[in-house]
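Visitor: With chain F's structure known, arrange chain X on it following the hints.
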Amino acid sequence: MPLKAQALTLEAVLALFLSILFIYLLLGTGSVSEWDMRLERGGYDFVNALYMDKEIYSALVEGAERGAYSGAELSLVNQKLSTYVDLLDLGRVDVVVEGAGSFSAVNEKAPEPLNKESFYALLPLRNGEDNRLVEVVVWV
Amino acid sequence: MRAMAGMFIIIVVLLGMIAWVFQNDMRESHLVIKESQINEVRSNRLAILRNVIERTYEDVEPKHRAAWENSIEDKLGPLYGVEVVVDQNSIPPTAVLEDRTYGLVSEFYLPTGQS
Numbered sequence: 000m001p002l003k004a005q006a007l008t009l010e011a012v013l014a015l016f017l018s019i020l021f022i023y024l025l026l027g028t029g030s031v032s033e034w035d036m037r038l039e040r041g042g043y044d045f046v047n048a049l050y051m052d053k054e055i056y057s058a059l060v061e062g063a064e065r066g067a068y069s070g071a072e073l074s075l076v077n078q079k080l081s082t083y084v085d086l087l088d089l090g091r092v093d094v095v096v097e098g099a100g101s102f103s104a105v106n107e108k109a110p111e112p113l114n115k116e117s118f119y120a121l122l123p124l125r126n127g128e129d130n131r132l133v134e135v136v137v138w139v
Numbered sequence: 000m001r002a003m004a005g006m007f008i009i010i011v012v013l014l015g016m017i018a019w020v021f022q023n024d025m026r027e028s029h030l031v032i033k034e035s036q037i038n039e040v041r042s043n044r045l046a047i048l049r050n051v052i053e054r055t056y057e058d059v060e061p062k063h064r065a066a067w068e069n070s071i072e073d074k075l076g077p078l079y080g081v082e083v084v085v086d087q088n089s090i091p092p093t094a095v096l097e098d099r100t101y102g103l104v105s106e107f108y109l110p111t112g113q114s
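So the sequences go chain by chain: F and X. Heads up: the first sequence begins at 0 in numbering that gives the first Met the number 0, then just goes up one per residue. Heads up: the second sequence begins at 0 in numbering that gives the first Met the number 0, then just goes up one per residue.
DEER-style ranges, computed between Cβ atoms:
id, chain 1, residue 1, chain 2, residue 2, range
1, X, GLU97, F, ARG65, 35 to 41 Å
2, F, LYS115, X, PHE21, 33 to 39 Å
3, X, ILE32, F, LEU17, 25 to 31 Å
4, X, ASP24, F, LEU2, 38 to 44 Å
Think about it this way: if two alpha-carbon atoms lie no more than 25 Å apart in a straight line, the pair counts; the simulated BS3-like pairs of lysine-lysine are:
id, chain 1, residue 1, chain 2, residue 2
5, X, LYS62, X, LYS74
6, F, LYS108, F, LYS79
7, F, LYS79, F, LYS53
8, X, LYS74, F, LYS115
9, X, LYS33, F, LYS115
10, F, LYS115, F, LYS79
To be clear, the hints were calculated from the coordinates, so they are not data collected in a lab. Yeah, the Cβ is synthetic: ideal placement off N, Cα and C, and Gly gets one too.
Chain F on its own, in the form it takes in the complex:
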């Protein structure tokens, strides 16, 4: 084999090796942050708040037992949620009570929320005769 052909073959092999190496370096590691832990902490705190904040809890139960929420209940729960969203430095929270209604609060100071995670709770109505699912969607 002539010397020039040998050099060309060698160059091609090296070029192939280098390109494989670069692709491996660029794509090999993947993303480190798969979860935003603020969502998890926010989910825990919000689900806890549904039970611990007696004003929210009684408003959610009373409205769900009637089948719909009054203006005063909506205003109270939305205001409370808004306070918690600001305190926890989250972007937004949505609370949906199965078959009764929904609530929402947005943190105006936070950047546009892009990621969300759903958490669930249970709302016993009429001392447990009926149990409604509550979905809490937390955004950051």
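Guide: Then chain X, alone, in the frame of chain F:
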């Protein structure tokens, strides 16, 4: 010319080996971080579910607890990807939460202060 080509090959191979070792270290640390994040997330979900079970159990009258148990086991547990078994006949009543995908288990007594 041949000496130059040989040097070039050796340099490329050495650089490749260094990059490979570095990459393996990075990959391993990323895997550890991911694993700890998964554990934290799944533990957090179990903690939320436990919280919901303990708090609602207290608000349910004994005659409605079978319906409550069904709601917890059939509706709420699957939403968290967790198998829930409530045993109201044991003294004190217990609940077991099992995340089979990640091998996490939480077992606890249900509050009996109010019934």
